[in-house]
Amino acid sequence: MEHNIQQSLFFDIETTGLSADISAITVIGCCDMDGNVTQWFNEDGLSQKQILTDFLAFIQPYNTLITFNGKTFDLPFLTSKIKEFKINASFDQYEHLDLYQILKPYKNLWGLKNFRQKNLEEYLGIQRIDKLSEKKLIKTYQDYLENGEIKNKESLLLHNHEDLIGLHKIYSLMSYPALLDKEFTLSSYFIENDHFVAHLNLDIQIPVSCYYEKSGISLTLDHSNAILTCPLENGHLKHYLKDYKNYYYLPMEDLVIHKSMKSFVDTTSIIRADKNNCYSKFTPGDSFLSAKTDVTNYCADIIYYILSEK
Numbered sequence: 015m016e017h018n019i020q021q022s023l024f025f026d027i028e029t030t031g032l033s034a035d036i037s038a039i040t041v042i043g044c045c046d047m048d049g050n051v052t053q054w055f056n057e058d059g060l061s062q063k064q065i066l067t068d069f070l071a072f073i074q075p076y077n078t079l080i081t082f083n084g085k086t087f088d089l090p091f092l093t094s095k096i097k098e099f100k101i102n103a104s105f106d107q108y109e110h111l112d113l114y115q116i117l118k119p120y121k122n123l124w125g126l127k128n129f130r131q132k133n134l135e136e137y138l139g140i141q142r143i144d145k146l147s148e149k150k151l152i153k154t155y156q157d158y159l160e161n162g163e164i165k166n167k168e169s170l171l172l173h174n175h176e177d178l179i180g181l182h183k184i185y186s187l188m189s190y191p192a193l194l195d196k197e198f199t200l201s202s203y204f205i206e207n208d209h210f211v212a213h214l215n216l217d218i219q220i221p222v223s224c225y226y227e228k229s230g231i232s233l234t235l236d237h238s239n240a241i242l243t244c245p246l247e248n249g250h251l252k253h254y255l256k257d258y259k260n261y262y263y264l265p266m267e268d269l270v271i272h273k274s275m276k277s278f279v280d281t282t283s284i285i286r287a288d289k290n291n292c293y294s295k296f297t298p299g300d301s302f303l304s305a306k307t308d309v310t311n312y313c314a315d316i317i318y319y320i321l322s323e324k
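Once you know that position 129 of the sequence shown is 143 in the working numbering, the rest is easy, because the numbers rise by one and skip nothing.
Simulated from the structure, these hints should not be mistaken for laboratory data.
Remember, predicted model here, so these are calculated numbers, not experimental data.
Certain hints may be false.
[What the hints assert, rightly or not] Below, a list of computed lysine-lysine pairs in the DSBU-like style, where the Cα atoms sit at most 30 Å apart:
1) K149 with K167
2) K183 with K228
3) K295 with K228
Based on the sequences and whatever the hints tell you, model everything.
In structure tokens form, the structure reads like this:
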């Protein structure tokens, strides 16, 4: 992850509906990387422009905005309001990380049937005080405008506050794409009992310890550490290839060929390679084990094979 963490800001909005044309902003909230929350509340139902202007001024020192499903909802909604109120501003100068889009490919790894923010919060063991549903949020705001009861305002701000704190904690799951992006260092590696074993130090800590296994390969993730174990078959390691769609598999020979070589083989004896049979085999001899860069690249490709859902 190349963005400057300290110049990154989480934000979340609450509204009276999904369509910016007929709905209003009720709350805008931000949370910095230290967990400090700032909120703007549409006190009278008429202060959308003011809280939006204040928010846009507040975010100027930052260069990255982090949301959950913000590309679909939060940013388009606020962009529409910027145009509606003729505010001279835009989000074009900011990098935007939408954790919904970035993390959704890992949904099955975490055993999630649904992929809403609350599902990720439950996976991380986050307990909410706020129990308001989206429908109740709108009704609570309407009630506040009618009766001015402070408990309704507090409920709305609490919901937004917990959305922001949850988003801040969910960011820890960015350790998964970071791991796939080779953000780790080898601490040790060796051959033992017909297995290649690598111990890794992770650049970004995994929030929940877990264990994955596929095709006899195992990966243990424990906070800042990982252990990768790969079996040797007849003295050979399998090196799974990322771009399997460019290969064909020969079942009789148990090998793959690049699609550019297809015309040179009997097409009745080949099938399109898939993720699980697109591998090469090699003997992990001294030349491999003495080349730390090669070992690192091998580990990265195997981790990709285990964790990637593509």
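Structure-based check of all given hints:
With a C-alpha separation of about 15 Å, the suggested pairing of K149 with K167 holds against the 30 Å cut-off. The straight-line distance between the Cα atoms of K183 and K228 is roughly 28 Å, inside the 30 Å bound, and the hint therefore holds. Distance restraint check for K295 and K228: the Cα-Cα separation of roughly 17 Å lies within the 30 Å cut-off, and the hinted pair is therefore satisfied.
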